[in-house]
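Protein chains in written order, with our numbering: chain A, 1 to 199; chain B, 200 to 398.
Hint data in this document are derived by calculation from the structure and do not stem from the laboratory. Check the hints yourself; a few may be wrong.
Claimed, not checked - No more than 30 Å apart at the CA atoms, straight line, and that leaves these computed lysine-lysine pairs for BS3-like:
{"#": "1", "chain 1": "A", "residue 1": "K153", "chain 2": "B", "residue 2": "K260"}
{"#": "2", "chain 1": "B", "residue 1": "K260", "chain 2": "A", "residue 2": "K61"}
{"#": "3", "chain 1": "A", "residue 1": "K46", "chain 2": "B", "residue 2": "K260"}
{"#": "4", "chain 1": "B", "residue 1": "K260", "chain 2": "B", "residue 2": "K245"}
{"#": "5", "chain 1": "A", "residue 1": "K61", "chain 2": "B", "residue 2": "K352"}
{"#": "6", "chain 1": "B", "residue 1": "K309", "chain 2": "A", "residue 2": "K61"}
{"#": "7", "chain 1": "A", "residue 1": "K158", "chain 2": "B", "residue 2": "K260"}
Claimed, not checked - Cβ pair distances, simulated, as ranges:
{"#": "8", "chain 1": "A", "residue 1": "M1", "chain 2": "B", "residue 2": "D302", "range": "38 to 46 Å"}
{"#": "9", "chain 1": "A", "residue 1": "L26", "chain 2": "B", "residue 2": "E273", "range": "50 to 58 Å"}
{"#": "10", "chain 1": "A", "residue 1": "E29", "chain 2": "B", "residue 2": "E273", "range": "19 to 27 Å"}
{"#": "11", "chain 1": "B", "residue 1": "E273", "chain 2": "A", "residue 2": "G120", "range": "39 to 47 Å"}
{"#": "12", "chain 1": "A", "residue 1": "K46", "chain 2": "B", "residue 2": "A246", "range": "34 to 42 Å"}
Glycine residues also receive a C-beta, built at the ideal position from the N, C-alpha and C atoms.
Number of protein chains: 2
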Amino acid sequence: MQSTVDFWYEFASTYSFLAAERIEALAAERDVAVRWRPFLLGAIFKAQGHETTPFNTYPVKGRYMWRDMERWCERLGLPLVRPDPFPQNSLVAARVALALPEDARAAFSKAVFRAEFCEGRPISDPAVIADAVRQTGFELETAVTAAQTDLVKHALRKETEEAQRLGLFGAPTIVTGDGELFWGNDRLEEALDWARGRP
Amino acid sequence: MQSTVDFWYEFASTYSFLAAERIEALAAERDVAVRWRPFLLGAIFKAQGHETTPFNTYPVKGRYMWRDMERWCERLGLPLVRPDPFPQNSLVAARVALALPEDARAAFSKAVFRAEFCEGRPISDPAVIADAVRQTGFELETAVTAAQTDLVKHALRKETEEAQRLGLFGAPTIVTGDGELFWGNDRLEEALDWARGRP
């Protein structure tokens, strides 16, 4: 039986962007299925007493992260543009991602991430969301209307609560079927290796 | 010409222990030389306003780290015993490491780390330090006496200042000859790949 992992990501997160770019090919190589699960890391940070991302609170950590992103993007052949402000407000993107059918979530999410980190576009801008929905082939209006319903707002709150319950404290985090957590874009291979053959 | 990287590590740090176990073989495979540079991460944490390691400040992060350590130690075939208290006071170990000749530093450091994380022994205990010095073939008394001199105390302060100047905020960190930083045991391969062929 094929294993499945949960890919928990945050639209404002630089390393979630890298992971979104990489995870599909790495999972396919190992015959592992991936469930895309956006959540709001900011809510978890706030519960821990953080006002913003540690990359802003600790400038030395922030400088390292941006240089690390430059190296990674160069390796992946992607331009890197720092969004301003950073982090971006990811609420609408996360709601639309959840409103879309599961099989459209990857395409939508990758499009949002590229707009944000390769073009520096604001992901709370309806035009950016619209462009990303168009990548999925689904109707824009249906998705945006659904994203504004209590049903989807509730679903996103539940997902974020679930992330917190699982012990997530950063993004991206892979959770395997047997409940192991692997935090960080640099742990994708390890997480998928772990998952392979453990249905 | 052979490349050299600086391996900055902290004796109280779990991931520095893993890196100390792994770095020599990985560097040899790539024909990269490694300079072992112990420093006091606690001093840098304090300058950033942290009272202790984030693994204690944020229990959810600490739980993840210890589980991650279990997985890594299992993979490396090493027992894992959590030192109590964590983090250990690493001052004496760092001073003795600097007092020893450079070519003895790796053997000493690995012995300290194993006592700490495989046997749960307190690394501020003179008996633990003595056992580790014995691994190097150097005379115990010479090393311990040297470690108490102002010369070595000064050297450790300078090393820690240098780490801070370079922008280090965690351990282990690899710094390549061209000034790139790679933070974390999970970045050793990447750091050494970067260094290879860049003298």
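Now the hints, each set against the structure:
1. A:K153 with B:K260: 27 Å, holds
2. B:K260 with A:K61: Holds: K260 (chain B) and K61 (chain A) sit about 17 Å apart, inside 30 Å.
3. A:K46 with B:K260: 15 Å, holds
4. B:K260 with B:K245: 19 Å, holds
5. A:K61 with B:K352: 27 Å, holds
6. B:K309 with A:K61: 27 Å, holds
7. A:K158 with B:K260: 21 Å, holds
8. A:M1 with B:D302: 38 to 46 Å: Roughly 52 Å apart at Cβ, these two residues miss the hinted range, so it is violated.
9. A:L26 with B:E273: 50 to 58 Å: 22 Å, violated
10. A:E29 with B:E273: 19 to 27 Å: 24 Å, holds
11. B:E273 with A:G120: 39 to 47 Å: 43 Å, holds
12. A:K46 with B:A246: 34 to 42 Å: 25 Å, violated
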